[in-house]
Amino acid sequence: MARSINWLQVGAALLLGLFGLYVIVQGSGYEMGSLRRMGPGFFPVMIGSVLLLFAVLLVLEVWHEEKTERNFWIPRPILTISAGFVAFAALLERAGLVPATLALVVLVSLAEKPVRPVAAVATAVALSVLGVLVFIYGFGIPAAAFEW
Amino acid sequence: MDILHNLALGADVAFSWQGLLFCFVGVLVGTFVGVLPGIGPLAAISLALPMTYYLSPPIALIMLAGIFYGAQYGGSIAAILLNLPGTASAAVTCIDGNQMTKQGRAGVALFTAAISSFSGGIVAIFMVLGFTPMIASFATDFGAVDYFSIMLLGLVAASTLSVGSPLKGMTMVMLGIALGMVGTDDTSGTERFTFGALALSDGISLVALAMGLFGVGEILANLGQEKRSPLKASGLTFKSMLPKRHEWHGLWKTILRGSGIGAFVGALPGSGPAIAAFMSYAAEKKLAKNPDNFGKGELRGVASPESANNAAVQAAFIPTLSLGIPGDAVMAVLLGAMILHGISPGPELVTSNPDMFWGLVVSFGVGNIMLLVLNLPLIRLWVRMLSIPYHVLYPAMLFFICIGVFSVRSSVFDIYTALFFGVIGYFLLRLRFPAAPLLLGFILGPMMEVHFRRALLLSRGDYMTFFNSVPSTVFLVLTALFLVLPLWSAFRKRTRRVADQGD
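Those sequence lines, one after another, are chains A and B. 1 is the number of the first residue of the first sequence in the numbering used here; add one for each residue after it. 1 is the number of the first residue of the second sequence in the numbering used here; add one for each residue after it.
The set of hints was computed from the structure by calculation and includes no laboratory data. Note that the structure is predicted; figures quoted are calculated from it, not measured. Keep in mind that a hint or two might mislead.
Said to hold, decoys possible - Selected chain A positions facing chain B (Cβ under 10 Å, derived; list incomplete):
#1 L18
#2 Q26
#3 M38
#4 G39
#5 F42
#6 L51
#7 E61
#8 E69
#9 T80
#10 A89
#11 L92
#12 G96
#13 E112
#14 A119
#15 A124
#16 F146
Ideal Cβ placement from N, Cα and C applies to all residues, glycine included.
Build out the structure end to end from the sequences listed, making use of the hints.
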């Protein structure tokens, strides 16, 4: 019985192998030193090689693995959460914690259908207040509620 | 007696008002995240880590540890009522616990889970008391070779003992070590894998990595799922929780066995509470007179894994506190916390920071008693917690992740790091690559490199140095066993399959 190839798993293993290869190439750019007195390049090349080896073995292991990955690609949550994080990071030092929190919470609330605008805004406001009280006044993190 | 003197010292720390307060905060937060499916103790500890900067190191550790064992109590609640493990280690509890809920015996299951967790915790605390100083004094002569070998053993054990493919686990360990190399090399001062970015010269932030993999990744996986089942639990009174006499009969033996297995398995490097719970359940089923009852709402099927996972959590402190070697990813983060607080973990910890070690151990006892109170009379409060809608919960969690990551070193870059590893973590989860070994490799990797280079420097480049020391040789032989074992079982499975086909 010919089973189909699990390309998702094989692809992941190949990516890991490529990463191992990159670690070797990049690592060998640093000074290797000798066994007696190792340079900063020795350990990376060693680790990269083992990673490459494991990745190759992994390709063999997962070649015919049963396909159980359902709902693998979920663009909506990934995109909305990414947008929320980027907005938070970008706004935190430019506009302050409150705008950053509002942007984050509203954006990530779009990840799931149905979107609940009232709940999202209420959560955003509550978290902004909490954030200012606990993190700015309580812990004194280096950020302002509003950056003017 | 010496031990009484030490315990008194520990009691001073644990019973100070800060000790009691933050122990309570820890176990409360722990139960909370344990109850809620989708946030594990790991995400919660990483989240709380930046907030402990303002506390003295022993108090900080007391609180962070409280989150870890508190989560084991809470994890069983969601497992029993919703058939959703609140923490990975409660997965086994789902089997019989949720069956009991369907039969209307949820109260009894919850009561038994709390009592079992408590007993498991107490048994393991005595093990921590007895073994940690002993192992630590044995390990004071350890050299670089021994440290390298025992860390290798820990990593190999962690990846091969985990559920799923051992090869995937080991690949993740290597990936973690590779990520751990980012930043300035301690020995030579060379910057490695930083792409010239200043933000990476101190390496990847541990908190950002952990929160990305275990916080953001889990949330993405939950959002991608189809509908979650709503909660159906009502009529939970304290009276309905008490088991009947025939159900109690012989249960204490089950709890003791579970505690023993849990404490032993938990103390081994690399095996966490989830494995302990699984092994204890399997053993109990084998020993039972009527194994067919398991899976159909057998009370022992709740008592056994619950006593084991909490025992394992407490016992996991043995290698961390005696050798400075974390057994699993949560312990690795706790170790990271100690380092951030300026405490160098290792065999000297017990003698150089006695207030820390003994204070922590006494606080385990205090915390377990608090948890028993939190979980028996106040159980309905936690049950209500399960009805917090996810559309409120996940934005709040993402907010705490963002601000928590930022506050560690005031770096906006780390927020992007958390997002990056969140997406990676999601895909790893879906492809069944375990993320815990990655984190363990990330933390142990840099230490291993230092010991590896030191060992070969001392031996003038002779690899045989790793076999010239007795402890190191023992660790390497054990490592080899852990590597061969999965291969052997895979081989046996294959030959059996061939034999079956031959029939």
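Evaluation of the provided hints:
no. : hint : verdict
1   : L18  : violated (12 Å)
2   : Q26  : holds (6 Å)
3   : M38  : holds (5 Å)
4   : G39  : holds (7 Å)
5   : F42  : holds (8 Å)
6   : L51  : holds (4 Å)
7   : E61  : holds (6 Å)
8   : E69  : holds (6 Å)
9   : T80  : holds (9 Å)
10  : A89  : holds (4 Å)
11  : L92  : holds (6 Å)
12  : G96  : violated (13 Å)
13  : E112 : holds (6 Å)
14  : A119 : holds (6 Å)
15  : A124 : holds (7 Å)
16  : F146 : violated (16 Å)
Going down the numbered hints, you'll see the structure goes against 1, 12, 16, while the others check out.
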